[in-house]
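Participant: Let's have the full structure, built from the sequences with the hints guiding it.
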Amino acid sequence: MTADDDVEAFLQVFENTAHRESWPEEEWARALAPLLTGEAKRAYFSLPLAVAEEYYEVKREILARLGLSPICAAQQFHEWEFKPRVPARAQAAELNRIAQHWLLEGNPTAAQVAERVVVDRLLRALPRAHRQAVGMRNPTTTQELVEAIELADAVHHREAGDRVPPFPRRVVQERRPLEGTPRPATGGGSFAKEQREDDRLKHCWTQVRVVDGKDVLPWPHTLPYFVVEKGLLYCVAQRRGEEKKLLVVPRGKTEAVLELAHSHPMAGHLGAANTTQRIRDRFHWPGMEAEVRGFCQACPTCQVTSPRTPPPSPLIPLPIIEVPFERIGMDIIGPLPRSARGHEHILVIVDYATRYPEAVPLRKATAKSIAQELFLLASRVGLPSEILTDQGTPFMSRLMVDLCRLLRVKQLRTTVYHPQTDGLVERFNQTLKQMLRRVTAEDKRDWDLLLPYVLFGIREVPQASTGFTPFELLFGRQPRGLLDVAREAWEQQPAPHRTVIEHVRQMRERIDRVMPLVQEHLSKAQQAQQRHCNWAAQPREFQPGDRVMVLVPSSACKFLAAWQGPYTVVEKIGPVMYRLRQPGRRQAEQLYHINLLKKWVGTRDQVAALSLTEPVVVDVDPHLAAAQKAELQHLVSQFQDVFSSQPGQTNVVHHDIKTPTGVIVRQRPYRVPEARRQAIEEEIQQMLKLGVIEPSRSPWSSPIVMVPKPDGTLRFCNDFRRLNEVSEFDGYPMPRVDELLDRLGRARYISTLDLTKGYWQVPLTASAKPKTAFSTPSGHWQYRTLPFGLHGAPATFQRMMDIILRPHQAYAAAYIDDVVVHSEAWDEHLDPLRRVLSELRRAGLTANPRKCHLALSEAKYLGFQVGRGLIRPQEKKVEAIHSAPRPATKTQ
93 MTADDDVEAF LQVFENTAHR ESWPEEEWAR ALAPLLTGEA KRAYFSLPLA
143 VAEEYYEVKR EILARLGLSP ICAAQQFHEW EFKPRVPARA QAAELNRIAQ
193 HWLLEGNPTA AQVAERVVVD RLLRALPRAH RQAVGMRNPT TTQELVEAIE
243 LADAVHHREA GDRVPPFPRR VVQERRPLEG TPRPATGGGS FAKEQREDDR
293 LKHCWTQVRV VDGKDVLPWP HTLPYFVVEK GLLYCVAQRR GEEKKLLVVP
343 RGKTEAVLEL AHSHPMAGHL GAANTTQRIR DRFHWPGMEA EVRGFCQACP
393 TCQVTSPRTP PPSPLIPLPI IEVPFERIGM DIIGPLPRSA RGHEHILVIV
443 DYATRYPEAV PLRKATAKSI AQELFLLASR VGLPSEILTD QGTPFMSRLM
493 VDLCRLLRVK QLRTTVYHPQ TDGLVERFNQ TLKQMLRRVT AEDKRDWDLL
543 LPYVLFGIRE VPQASTGFTP FELLFGRQPR GLLDVAREAW EQQPAPHRTV
593 IEHVRQMRER IDRVMPLVQE HLSKAQQAQQ RHCNWAAQPR EFQPGDRVMV
643 LVPSSACKFL AAWQGPYTVV EKIGPVMYRL RQPGRRQAEQ LYHINLLKKW
693 VGTRDQVAAL SLTEPVVVDV DPHLAAAQKA ELQHLVSQFQ DVFSSQPGQT
743 NVVHHDIKTP TGVIVRQRPY RVPEARRQAI EEEIQQMLKL GVIEPSRSPW
793 SSPIVMVPKP DGTLRFCNDF RRLNEVSEFD GYPMPRVDEL LDRLGRARYI
843 STLDLTKGYW QVPLTASAKP KTAFSTPSGH WQYRTLPFGL HGAPATFQRM
893 MDIILRPHQA YAAAYIDDVV VHSEAWDEHL DPLRRVLSEL RRAGLTANPR
943 KCHLALSEAK YLGFQVGRGL IRPQEKKVEA IHSAPRPATK TQ
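Per the working numbering: the sequence shown = residues 93 to 984.
Hints were generated in silico from the structure; no laboratory data involved. Do not rely on the hints blindly, as some may be mistaken.
[Stated by the list, open to error] Pairs of lysine to aspartate or glutamate residues, derived as EDC-like cross-links and limited to a Cα-Cα distance of at most 16 Å, are as follows:
1) Lys943 with Glu916
2) Lys750 with Asp822
3) Lys133 with Glu145
4) Lys133 with Glu186
5) Lys691 with Glu766
6) Lys175 with Glu186
7) Lys952 with Glu633
8) Lys525 with Glu436
9) Lys133 with Glu153
10) Lys322 with Glu286
Facilitator: Below you can see the structure in the form of structure tokens.
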């Protein structure tokens, strides 16, 4: 079977052949297996050995994996259309085959065929929201379908909540005779009562002209005026050339009117003018236009989705650099199409004084390769004093930070999502990519070879801001290019002879004459840019404590941006930079340029709610239905104390360290570099705050080490090797990874929970605490909770997790602090997940919400990608193997 074969037709031919040749049915699966390829072959090998011996089970799994189930056949049957240019006989045969696959799969009875038709018709008649929720349960009988519809309907009504309109109530109306004294009025219902008791409407009641058709004041009445009918107050006003009777809304009902007129899906979140026009045709109350304007400005949906951005802040020019290569800007272009030499990126370096560019092809955009090229550049032009870059991973790495500190180079970084700070390099990137695209039109794989030619073309033309060529400003002379060669050939005149002394003198005179002109041109260029940028700019300012929205990309594509927040301003840094507190994001605090911020407008209730609560953000499968996401969000809100970035403390187990009597491990502290003392002290204060350590007088002491993390920060660790040598080993067995993965392979829904600093949630016994003592420059300390590095720590933690999850081992498991909950159906997933979270709460444990993932169809667990019947290594784990060059010699 090839990739182009029709799988159903292939299996039908196989069955016809088996019948014709009288093969035993128990041999069919074995005969079919060698003929399978691609996804069909993977489906076969994913089945257990006993099931793989049954042909019809193999066939059912292959068709389901390829989307050829009876439900898909039903969809094809209803979407089938007649094609005029295809023979009718072939089309009829195809339609007949689809119908048989839908209705006759599994040799059903006539009643079962009828039931399939009924189930399909009912599903297609359901509303869209119900159809999505019910379809996830994959009902096959009428009874299953009815139960799914009832469950979806119950969920819908529970989510609707207060949005369901109340039942109409009987209203006692005020009645007045046409003549005589009016009877006391007690009617009009609760709405009329609110009108009479609203202080804001007192002036309106004094302006009543007509009561139930009887004039209270003599005719004529000047518009607008107020009337009372059946106990309700109305305003008579002119709207689009005709008189209209507008119901006067009391203060308690204005919120409902505004919600219906603006926030309801049928209202569409229109602007303040359209919302006001919609309301004023039906209702009236004092100060209506101002209240509508304020409501629309404070609408959270409108603030998040508004395409309009506030006017930019006035441009603040960068200082003019006069010394060549005193300040350089760096950036990475790529990934580009892989060249024949294996290059995929370009390191771009531009000098801010002369605008002299350098562009170096790189195979990998790593900190090591960038540092090597930076040294090569310094060997030609000297070490720069300042380097301006964005916040890319290679530039933020520990290697680059240490290198710049050793070389006394100041690192300047642009703020996130604001590349305008390094606009010189960004504009050069655009020019370089355009030129490479043009010169590599014939062979895209030779762009790295043509890069020097493109750079020469850029260096020998005057730069717009300086008015001179970069080559001339750096070397004091014009380069000899192709045009010079052509001119010399046509003139046939020898070049004038100059001595070295004359050349140096002329070069100095030229630089002395040119540099003042360069400064003048740069100043004029900056003034022109400032005039161009500031024509629509407006000065803005925020104060600490203000709530603001941030315009940041909402996906991997930088062009898909949306307003997020609101976040709180912590402090102002410089004229246009602000530090924001942003709960729920990877970095709790972040610097932003003011052009990415706009003021958040909120009601008093919204401000109070935001000040009291911070949302718990947990990753869920984006392909879930809306009802399923709502159920998960409700579940997360019920366990906000479990989903916490702060470690808890359990009472299930205590870790003990058993050592021989009279043995004490006492080691001298390792020497700590002065540059790392600040990081150590910060970590000590953090652990004291969390209750992880305490001051100690123990005679035991183990040294500390600071280990770099992948993101460049330092991890605080203890060297417990000597302590481990004298400690008693705990032989508690760890779970087998392959057995855990086998349990997860067939699951349709997988939730993973990562405990927050798991070891720190296990307390130590009183006798074990002194044995974990360590010294730092600020004092002698000992652990109160289980530290990292003890050889008995994994066994203690695994023992605790097995105790906690033992009642739930049918659907939950844990490998140390990585907990997984799995199921094959949605209705079998939420309750088990809730039970596991309840067990964690009862045990006093917390899970890091940033590392938890709920109801995924495929999940990353223990280095593998599991789910949907597949188990495969993660791409990052085998990336080095895929990217390794093909061996070319025997030694390789």
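Participant: Checking one constraint from the list: CA of Lys175 to CA of Glu186, max 16 Å. Satisfied?
Facilitator: holds (12 Å)
Participant: Take a quick look at whether Lys133 and Glu153 sit within 16 Å of each other, Cα to Cα.
Facilitator: Distance of about 11 Å is within 16 Å: holds.
Participant: What's the verdict on Lys133 and Glu186, does the C-alpha distance respect the 16 Å limit or exceed it?
Facilitator: Roughly 25 Å separates the two Cα atoms, so the pair is violated.
Participant: What's the verdict on Lys525 and Glu436, does the C-alpha distance respect the 16 Å limit or exceed it?
Facilitator: Holds - the C-alpha atoms of Glu436 and Lys525 are around 13 Å apart, at most 16 Å.
Participant: Is the straight-line distance between the alpha-carbon of Lys691 and that of Glu766 16 Å or less?
Facilitator: Answer violated: Lys691 to Glu766 is near 43 Å, above 16 Å.
Participant: Check the hint pairing Lys943 with Glu916 against an upper bound of 16 Å on the C-alpha distance.
Facilitator: violated (23 Å)
Participant: Given the hint that Lys750 pairs with Asp822, does the C-alpha gap stay at or below 16 Å?
Facilitator: Answer holds: Lys750 to Asp822 is near 10 Å, not above 16 Å.
Participant: Given the hint that Lys322 pairs with Glu286, does the C-alpha gap stay at or below 16 Å?
Facilitator: holds (15 Å)
Participant: Lys952 and Glu633 were given as a pair; does the straight-line alpha-carbon distance stay at or below 16 Å?
Facilitator: The given pair, whose Cα atoms are some 44 Å apart, is violated under the 16 Å limit.
Participant: Mind checking the alpha carbons of Lys133 and Glu145 for me, to see if they're no more than 16 Å apart?
Facilitator: Holds, because 14 Å separates the two Cα atoms, which is no more than 16 Å.
In the structure shown, a violation is registered for the earlier hints numbered 1, 4, 5 and 7, in ascending order.
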